[in-house]
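So you can see what is in the structure, the chains are spelled out below.
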Amino acid sequence: GAGVSQSPSNKVTEKGKDVELRCDPISGHTALYWYRQSLGQGLEFLIYFQGNSAPDKSGLPSDRFSAERTGGSVSTLTIQRTQQEDSAVYLCASSLQGSAYEQYFGPGTRLTVT
Amino acid sequence: KQEVTQIPAALSVPEGENLVLNCSFTDSAIYNLQWFRQDPGKGLTSLLLIQSSQREQTSGRLNASLDKSSGRSTLYIAASQPGDSATYLCAVSHNFNKFYFGSGTKLNVKP
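Top to bottom, those sequences are chains A and B.
With the numbering used here, letter number 83 in the first sequence gets 83, and the count goes up by one each step, no holes.
In the numbering used here, each residue's number is its place in the second sequence (first place is 1) plus 114.
No wet-lab data here; the hints were simulated from the structure.
Since this is a predicted model, take the numbers as computed values, not measurements.
Fair warning: there could be bad hints in the mix.
DSS-like, lysine-lysine: derived pairs with alpha carbons at most 27 angstroms apart [stated by the list, open to error]:
1. B:K156 / A:K57
2. B:K182 / B:K220
3. A:K57 / B:K115
4. A:K57 / A:K17
5. A:K11 / A:K57
6. B:K224 / B:K156
7. A:K15 / A:K57
8. B:K156 / B:K220
9. B:K115 / B:K182
10. B:K220 / B:K115
11. B:K156 / A:K11
12. B:K224 / A:K15
13. A:K17 / B:K156
One-sided and incomplete, this derived list gives chain A residues near chain B with beta-carbon spacing under 8 angstroms [what the hints assert, rightly or not]:
14. Q41
15. L96
16. G98
Even for Gly, the Cβ is constructed at its ideal location relative to N, Cα and C.
Whole structure, please, built from the sequences with the hints as guidance.
Structure (structure tokens):
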């Protein structure tokens, strides 16, 4: 079946603009994760959705970052008033049900803030 | 807070050699541990998932072991091939939610 998809694959934006990144998880997966990977670094957890439960937002670096998941499927990560330090690859992953199951990753969105 | 460390940060070996990648974590109360590979410019591909009650998992030339009490996992790659060149990441999870990732080991297998 189809894997996790993300769009756009690349996004270049000017400092101060808002951006929206989209993630389509694997059908039937109830858990969805967003991570950020800066150049040469490991993955930084941002936010986790599990079914209809309140999301775990503990990794969001500032209130400029927000995410929503509509209908338990597609998720959108929004970054307001982008800063140069927001430049990174944003990765989305889904799993069948939480961290008891394997995570499957999308190809990522490379965000460049100029 | 859980901290995951991977040593070495980079490794270069000749083709055919067997090798071991290391992952250590500070909080042993994990739910499971997962190994991934990441090719340049790509997302992560899951290799092996070890539940906390398991000692090891095998897939083809890969074998991952877990020693929860000492906070360590190893990924053994047998008969390495140039196609194995990638960055290998380990991640641990707690309480049925998020994963904590190491910064990875960049492997180069020379033909």
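Consistency of the hints with the structure:
1. Using a Cα cut-off of 27 angstroms, the hinted pair K156 of chain B and K57 of chain A holds, with the two alpha carbons roughly 25 angstroms apart.
2. With a C-alpha separation of about 24 angstroms, the suggested pairing of K182 of chain B with K220 of chain B holds against the 27 angstroms cut-off.
3. Of the pairs offered as hints, the one joining K57 of chain A and K115 of chain B holds, with about 16 angstroms between alpha carbons and a cut-off of 27 angstroms not exceeded.
4. With a CA separation close to 22 angstroms, the supplied pair K57 of chain A and K17 of chain A stays within the 27 angstroms bound.
5. Annotation: proposed proximity of K11 of chain A to K57 of chain A holds, straight-line Cα distance about 23 angstroms (limit 27 angstroms).
6. For the suggested pair K224 of chain B and K156 of chain B, the alpha carbons sit about 21 angstroms apart, so the restraint of at most 27 angstroms is met.
7. For the proposed pair K15 of chain A and K57 of chain A, the alpha carbon gap of about 24 angstroms is at most 27 angstroms, so the pair holds.
8. As the CA atoms of K156 of chain B and K220 of chain B are separated by approximately 14 angstroms, the hinted pair is consistent with the 27 angstroms bound.
9. For the given pair, K115 of chain B sits about 16 angstroms from K182 of chain B by alpha-carbon distance, which is consistent with the 27 angstroms threshold.
10. For the hint linking K220 of chain B to K115 of chain B, the alpha-carbon distance of about 25 angstroms falls within 27 angstroms, and the restraint holds.
11. The straight-line distance between the Cα atoms of K156 of chain B and K11 of chain A is roughly 15 angstroms, inside the 27 angstroms bound, and the hint therefore holds.
12. This hinted pair does not check out: K224 of chain B and K15 of chain A have alpha carbons roughly 42 angstroms apart, beyond 27 angstroms.
13. Distance restraint check for K17 of chain A and K156 of chain B: the Cα-Cα separation of roughly 26 angstroms lies within the 27 angstroms cut-off, and the hinted pair is therefore satisfied.
14. For Q41 of chain A, the interface hint holds, since its Cβ comes within 8 angstroms of a Cβ in chain B; the closest pair sits about 6 angstroms apart.
15. Because the smallest distance between the Cβ of L96 of chain A and any Cβ of chain B comes to about 11 angstroms, over 8 angstroms, the interface hint for this residue is violated.
16. Satisfaction of the interface hint for G98 of chain A is found here, the shortest Cβ-Cβ separation to chain B being roughly 4 angstroms, below the 8 angstroms cut-off.
Hint check: violations occur at hints 12, 15; the rest are consistent with the structure.
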